[in-house]
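These protein sequence lines are chains A and B, in that order. Numbering (my numbering) for the first sequence: 5 to 121. Numbering (my numbering) for the second sequence: 999 to 1319.
The set of hints was computed from the structure by calculation and includes no laboratory data. The C-beta atom is built at its ideal place from N, Cα and C for all residues, glycine as well. Certain hints may be false.
Claimed, not checked - With a cut-off of at most 16 Å between alpha-carbon atoms, the simulated EDC-like pairs for lysine to aspartate or glutamate come out as follows:
| id | chain 1 | residue 1 | chain 2 | residue 2 |
| --- | --- | --- | --- | --- |
| 1 | A | K92 | A | D21 |
| 2 | A | K17 | A | D48 |
| 3 | A | K82 | B | E1032 |
| 4 | A | K82 | A | D37 |
| 5 | A | K82 | B | E1044 |
| 6 | A | K17 | B | D1099 |
| 7 | A | K82 | B | E1035 |
| 8 | A | K82 | A | D48 |
| 9 | A | K92 | B | E1035 |
| 10 | A | K82 | B | D1235 |
What the hints assert, rightly or not - Just the calculated beta-carbon pair ranges, DEER-fashion:
| id | chain 1 | residue 1 | chain 2 | residue 2 | range |
| --- | --- | --- | --- | --- | --- |
| 11 | A | N69 | B | A1180 | 22 to 30 Å |
| 12 | B | T1145 | A | R89 | 56 to 64 Å |
| 13 | B | A1188 | A | N45 | 54 to 62 Å |
| 14 | A | N69 | B | L1172 | 45 to 53 Å |
| 15 | A | S70 | B | A1024 | 17 to 25 Å |
| 16 | A | S70 | B | A1196 | 19 to 27 Å |
| 17 | A | S105 | B | A1196 | 36 to 44 Å |
| 18 | A | R89 | B | R1112 | 24 to 32 Å |
| 19 | B | D1099 | A | A30 | 41 to 49 Å |
| 20 | A | Q14 | B | E1032 | 25 to 33 Å |
| 21 | A | V73 | B | T1010 | 20 to 28 Å |
| 22 | B | L1172 | A | D48 | 52 to 60 Å |
In case you want the letters, here they are:
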Amino acid sequence: MSQAEVDTTQLLKGVLDLAVLAVLAAADSYGYDVVRRLRENGLDHVGDASVYGTLRRLYQAGALNSYVVPSDEGPHRKYYGLNNRGRKALDQSAQTWASLSKALNHLLNGRSNGHGK
Amino acid sequence: MASNEHADDVTTYAAIVRAQLADLPAMERDALLEDLEQHLAEVAAEGEGSLVDRLGPPEAYAVELRAAYGAGHQTTQTTHTNGADLAESVRAAAARFTDSDWARQIVGFLPELRPAWWVLRAYLAVLILVAAFSRGYGLGPIPNPTTKRGLAEILAMGVAIWISVRVARRNRPLPRSARVVAASVNALIALAGTAILANMAMFPSPQMIGTASPEQPPFAAAFAAGPTTNIYVYSQDGKPLTNVLLYDQDGQPITVEKSEAQTSYPIGADGKAITNAYPLSQRHQNGDPVVAPRVAFPPWPTPSPTASPPPNPTPNPSPSR
C-alpha cells in the first residue's frame, strides 16, 4: 500500500458511513453493489470488508432496513435501504460534512495563498 | 468459475474470517457475520478470480471488518488474557449503551432535573433532622402546619431550600476534595431520606397512640386474672348500681371482652343495642344467670354511717328494661 493509499484509507474511515448512506439514499442496494458504486464515484480504495462492516453496523444501529431479493442466476441478494432514522442520520452527517469541508477548504486555500505571496 | 468452486471458496474464506473474529462477544459476532457468506457469494458471483485475489487474505479482511464495525480495536496479532477480553466487551457494551439514542436523550435530560434535586434534598435534609431529634414520633411526609413543630419544619424547609439552591448556583467550581465531600453528602441525604420516607409508616404517630382505633379494643382491667367480661358498679356506700353507662376519655363506649356467657344488651329507642350499660345481663350457656361476684369494699378514710359496708351485696343479674 502506498502512502497515498494509507492516507486515503485513514481519511475514508471517518466518512464511510456518510458515503454509504449517500449511496443508499440514491437507491437501495446490496453489499457488493455499494462497493462498486463507491468506486465508480471515485472512492477507489474503499475496501469490501469496510463497506460490509459499515452496512452491518448501520443496520444494527437501526438506520437501515434490509430485504432479500431472489436472483435467477447467482445467489440471493440482501438489499439495504434507508429508513427514517437513516435519512435523518444522512441529513445530519451531510451538514457536518459540509461545514467541515468548508472549514478545511478555507484552511487549505489560506495555506496555498500564503505560499503564493 | 463453476458455482461449486465459488461455494467452496466462499465457505473457506468465511471460515477463516470467522475464526479471526472468534474473540468478539457472541451477539456482536453474530450481528456482524450474520450474512457474511451471502455477501461473499455476491462478491464471488460478480467478477473473475478467487476471493483471496480480489479481497486480499481473509485475515486482513477480518481486521478491516473489525475496524469498520467498530468492534474492539485489537488486531488479530495481539494476545489477550480473559480479563482484558471481558473488560473490552464490557466497554463495548457500555459504549453501545451510551451511543444509543434513548440513552443520549436520558443523559441530555438529566441536567434539567438538577433544580428539582436541589429542592428535594433540602426537604429530605430537614426531614432527616426532624427524625433524628424527635425519634420519629409523629413524623409525616408533610409537616402539619397547625402545630408549632409543623410550622417550624415548614419554615426550616423554606430556609433549607433557599440555602440549597444558593449553594448549587454559585459560580465558582469546587476544588476536587470538596467535590468528593459534596457528592458524598448528596448521596447520604438521598439514602437516609429515602430510608426515612420508606419507613415512615412504622414510626409511632399521635393518632395511633392517642385515639381509639375504630375497632374498640376490649377493655382490660389491670391485674385482672383474665379478660374482663363484665363490670359491676357500686356507689360509695356499697349499693349496687344498674345500667351505668361507661365511656372512655374520647367518649367512646367502653365494652368488655366477649365471654362464653350469653349477653343480652338492652335495646335503645333507636333500635340499637346499648353495649356499655353495666353490669351486663348475662346467662351461662346452661341458662343460669351470671351472678355478681362477692366484692370487698375499701374502707373509706372519712368516717361515715356505713363504715363497714355489707360484705355481700345483692346481685342484680338482670337489669330490667
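Hint check results:
| no. | hint | in the structure |
| --- | --- | --- |
| 1 | K92(A) / D21(A) | holds (13 Å) |
| 2 | K17(A) / D48(A) | holds (13 Å) |
| 3 | K82(A) / E1032(B) | holds (11 Å) |
| 4 | K82(A) / D37(A) | holds (10 Å) |
| 5 | K82(A) / E1044(B) | holds (15 Å) |
| 6 | K17(A) / D1099(B) | violated (22 Å) |
| 7 | K82(A) / E1035(B) | holds (11 Å) |
| 8 | K82(A) / D48(A) | violated (23 Å) |
| 9 | K92(A) / E1035(B) | violated (30 Å) |
| 10 | K82(A) / D1235(B) | violated (109 Å) |
| 11 | N69(A) / A1180(B): 22 to 30 Å | violated (48 Å) |
| 12 | T1145(B) / R89(A): 56 to 64 Å | holds (57 Å) |
| 13 | A1188(B) / N45(A): 54 to 62 Å | holds (56 Å) |
| 14 | N69(A) / L1172(B): 45 to 53 Å | holds (49 Å) |
| 15 | S70(A) / A1024(B): 17 to 25 Å | holds (21 Å) |
| 16 | S70(A) / A1196(B): 19 to 27 Å | violated (49 Å) |
| 17 | S105(A) / A1196(B): 36 to 44 Å | violated (57 Å) |
| 18 | R89(A) / R1112(B): 24 to 32 Å | holds (30 Å) |
| 19 | D1099(B) / A30(A): 41 to 49 Å | violated (25 Å) |
| 20 | Q14(A) / E1032(B): 25 to 33 Å | holds (28 Å) |
| 21 | V73(A) / T1010(B): 20 to 28 Å | holds (26 Å) |
| 22 | L1172(B) / D48(A): 52 to 60 Å | holds (55 Å) |
Violated hints for the displayed structure, listed by number in ascending order: 6, 8, 9, 10, 11, 16, 17 and 19.
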